[in-house]
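Each chain is listed here by its residues.
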Amino acid sequence: MHHDKKFAVVNPSKMCQPMGALQALLGVKNTMPLIHGSQGCSTYMRFQLIRHFREPIEVASTSMNEKTVIYGGEFNLMKALKNITEKQSPDMIMVTSSCLTETIGDDMAGIIEKFKDANRDKELPVIIPVSTPSYVESHVEGYDRTIKALVEHLATLSVPNGKINIITGNLSPADCKQVKDLLCQLNCDSIILTDTSENLDAPLTEETLSLYSEGTSIDEIEDTANSLGTISLSKHTDSAAVFLEKKFGVKSISGPLPLGFENTDQLVTSVCELGDLEIPQSVEKDRGRLLDAMVDAHSYNFHRKVAIFGDPDFVSGITRFTAELGMIPSVVCTGTESKRFIEDVKLISKEKGINPLVLAGGDLFDMHQAIKKAGADILIGNAYGASTAKEENIPLLRVGFPIFDRLGAQRISMLGYNGGIEFVDKITNTLLDFYYDEAGYEIVDEEIEEIVGEEGDEGFEEDFMAKEEI
Amino acid sequence: MEPVIETFESRKKHMCVKGEGISIPVCDKASLPGTVTQRTCVFGGARIVLMPITDSIHLVHGPIGCAACTWDIRGSKSSREDLYKKGCSTDLQEKDIVFGGEKKLFETVLELYNIYKPGAIFVYATCVSGVIGDDIKAVCKKAEDLTRCKVIPVQSEGFQNHNKTKGHWIGGDALLDYVIGTKEPEETTPFDINIVGEFNVAGDLWGIKPLLEEMGVNIISAISGDSHADEIAQAHRAKLNIVQCQKSSNYVARKMEKKYGIPFIKVNFFGLEQTTNSLREIADFFGDQEMIQRTEKIIERGLKGVEDETREYRKRLEGKTVALYVGGNKAWSLVRAFEELGMNVMMSGTKNGIKEDYERIKEVVQDGTIIVDDANSTELARLLKKYRPNLLISGAKEKYISLKLSIPFCDFNHDRISAFAGFKGFVSFAKEVDASVSSPVFNLASKTLSKVSKTPSNLGGDENAS
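Chains as they are written, first to last, in this note's numbering: chain A, 1 to 470; chain B, 1001 to 1466.
Hint data in this document are derived by calculation from the structure and do not stem from the laboratory. Think of the CB as a built atom: it goes at the ideal place given N, C-alpha and C, for glycine as much as any other residue. Just to be clear, a hint being listed does not mean it is correct.
[To be verified] Reference listing, derived: stretches of chain B covered by chain A, where coverage requires no fewer than 3 residues with Cβ under 8 Å from a Cβ of chain A:
1) 1033 to 1043
2) 1077 to 1089
3) 1335 to 1345
4) 1375 to 1381
5) 1402 to 1415
[Stated by the list, open to error] Label pairs and their calculated CB-CB ranges:
6) B:Gly-1342 - A:His-298: 58 to 68 Å
7) B:Gly-1100 - A:Asp-107: 23 to 33 Å
8) B:Phe-1099 - A:Pro-203: 31 to 41 Å
9) B:Glu-1094 - A:Phe-75: 20 to 30 Å
10) A:Glu-343 - B:Phe-1099: 23 to 33 Å
11) A:Glu-442 - B:Lys-1117: 54 to 64 Å
12) B:Ala-1435 - A:Leu-157: 54 to 64 Å
13) B:Ser-1439 - A:Pro-203: 13 to 23 Å
14) B:Thr-1448 - A:Pro-280: 54 to 64 Å
15) A:Glu-284 - B:Ile-1417: 24 to 34 Å
16) A:Pro-280 - B:Arg-1316: 49 to 59 Å
Given only the sequences and the hints, what does the whole structure look like? Please build it.
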């Protein structure tokens, strides 16, 4: 069944800007995120975050209702700031707007100033507004804007610190830890923007219940102005790095996400160049282990077709990584409309001789149509891919956000050499489970032969299904 | 009087203890801005009432977030279509906000109709489509005229009210105004009924339906679990409505009584006593002697074996305490079922309760039970810390607050995995409660390693149970 679909979104593969803001803020120490909007915004976003991370998630709401919509949200926002300050005493409150308060035109910065004026005698937390209208772009840009707002308000020039700022993009806590471990191995002092590794994978104790007690501190964010450079792991979250470069001359490097062999090499090289560091033996060894894992696995995953969806840098990273393994990325889809993503995939396609269908700004309906056209032996993406995988009778390797139907989403790691090893094992074992019998022999039937049979190296076709402007 | 826990001045009266002075908390007020409320919005309220209609498209007219965070979250099972599980949105963009989203909505409805040929298309208004003033009623009418498919406006702007109960009513109004009464059944019987307010979460309806069918009643429609729009269209010909979720659906039943003269009775299929009472009441309503006799047989057969099958669980659960913090109906409807397991409900509360709900809670709980309204996450954590029940019954948002405190937890909301309704459901219910309350993992918690190494006898102790 194929019908033209230009307007409708069916099964979204993106979320809204405030969700991206939350994903960034959950890695900031003692910070209360406050969504200026209806209750549903904070509650439903918390719901998604909670069932993915399996942690309590605190997000306050200004609880707008009909009356406050008519008269503006000043009263509710002032009241919310007062209540949070008095009862939670956070180091920082970050106020993110919603489509509702953007549309009625609330001046959040003005209201915050008014609140500060009215409380001159009191010790207040740092309060920062960020504009995140839900009807513009997606959660990826919401994340980017939030990190930028943090450094814009806080970064202060003092003495050089010899550190490297790392903007992570939306990573699993385990991947955030992979990055930190790699930097530690490289003897690189760093400031992680933002560090979700502890807050979103917290031990079972009562102390981890209320505010986020771990993560990047305000002092660290202030200090970002004095670093040697900023590396944005995600190319789509580099606005803060660009800002720091322009204002304070902190050198900026944008991407790629250290996903796979070559991308991780690139991060290691960037870090070592920026920090004037030697590559230690232990890192060489890990790199060799990843290569060893890739070689061990190659005969199982070679020329398997793979469809990938999720956040743009994630998808392009997995595209490169699976191509490094000799797999054939056949469909690559991100919900975000991004030229950089398309350029990335073009480059990878040229280098690796692959020819995937590319969807930038597509939903999972579009992706499913593309899979029907291009074929796939395995689907990689979040839990929302389950029904597509089931219909196509292919396995789903769950990565990304949200994953609510399996345990351990917070522990999935793919980044760096060590995370890469986990990924190679996982994808290959998924294929083994699905396509091989209990003794490890391939189950050969006509269908599978047919899929493996075709091979295309005719250069990159301009067959983009990037969503048209409407 | 001592406040139940430390909180904001204005929140103190939202909590009380039955038997000590006031026994109904202050309720149905806007949540305090700046707290981490467990409430959702009016849109969410409407959506959960309608979403179980399986052959329909549920289209959210708004920016992507409203749809992206709420699709396929109902946990309602379907025996037929799965169209209701699709996440559909008009994905409003900035220029739609400026110039209006009506054209985009119209085109989207047509596309979805062409792709899926659904039983109906429900169009939900969100905060922003309300603020920019899109006339979704007019668009739906135009699309319906063109497609001849039911295109139903649901006027559910999220900010309309602090209480999502209003959303339940709006969802009900969409059915009353645009669906119910639009089709005549091919044949009718003297025993036609609708099951109202049963959403088939985890398959609950399937625990009830066979019992009713065996009694000899004819189910025209379930509103709205595992239903088709077409079946609900014929609901006006029922002789009786039975109402399971009285929080969300008394409204629909009352209105149907007024408009079509269909009487309704409140039923409850959670727990043995309530299941048998409900079955008897339905049989008594029809007054048919054969049906009454058949019903007694069904009850006899249903109860047979339940005691044996639950004995082991009840042995472990006897005397344990439960706290309920739920959407509404369950705050009173589950109390007796827990007592049948030998457990004591020591706290009950709801997120969106109105006075009527708290009256019913007060009726069924023992003296000394804490009753709370709209507790935010900090308050909930404090209540759990202070009173340490052996089990919390709530939804996904509360789950990890409870578990971080090493308090066993059962989901009784959208994420529930087993059906609890009816006789068989009671056995599953006992099993699931036992699996949480009796798990040894909770005995390992709350000990730091240094403490353990000093007093190794602490391992496996039952400090938490006290």
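- Tell me if chain A covers the region 1335 to 1345 of chain B under the three-residue, 8 Å CB rule, please? violated (count 0)
- Query: Per the hint of 54 to 64 Å, is the separation of the Cβ atoms of Ala-1435 (chain B) and Leu-157 (chain A) within bounds?
  - Reply: holds, 57 Å
- Would you say the region 1033 to 1043 of chain B counts as covered by chain A, given the rule of at least 3 residues with C-beta under 8 Å? holds (count 11)
- Query: Are there three or more residues in the region 1402 to 1415 of chain B whose C-beta lies closer than 8 Å to some C-beta of chain A?
  - Reply: Holds, because 5 residues of the region 1402 to 1415 of chain B bring their Cβ atoms closer than 8 Å to Cβ atoms of chain A.
- Task: May I ask you to test the hint 58 to 68 Å on the CB atoms belonging to Gly-1342 (chain B) and His-298 (chain A)?
- Result: The hinted range 58 to 68 Å holds for Gly-1342 (chain B) and His-298 (chain A), with Cβ atoms some 59 Å apart.
- Task: Evaluate the given range 54 to 64 Å for the C-beta pair formed by Glu-442 (chain A) and Lys-1117 (chain B).
- Result: 41 Å Cβ-Cβ, so the 54 to 64 Å window is violated.
- Message: Tell me if the beta carbons of Ser-1439 (chain B) and Pro-203 (chain A) are separated by a distance inside 13 to 23 Å.
- Response: 18 Å Cβ-Cβ, so the 13 to 23 Å window holds.
- Message: 23 to 33 Å was suggested as the range; check whether the CB atoms of Gly-1100 (chain B) and Asp-107 (chain A) agree with it.
- Response: holds, 24 Å
- Message: Given the hint of 23 to 33 Å, is the C-beta distance from Glu-343 (chain A) to Phe-1099 (chain B) inside that range or not?
- Response: holds, 31 Å
- Message: Taking the Cβ atom of Glu-1094 (chain B) and the Cβ atom of Phe-75 (chain A), is their distance within the range 20 to 30 Å?
- Response: holds, 27 Å
- Task: Can you let me know if the beta-carbon spacing of Pro-280 (chain A) and Arg-1316 (chain B) is within 49 to 59 Å?
- Result: Check passed, 55 Å falls within 49 to 59 Å.
- Thr-1448 (chain B) versus Pro-280 (chain A) beta-carbon gap, inside 54 to 64 Å or not: violated, 34 Å
Hint violations for this structure: numbers 3, 8, 11, 14 and 15, all remaining hints satisfied.
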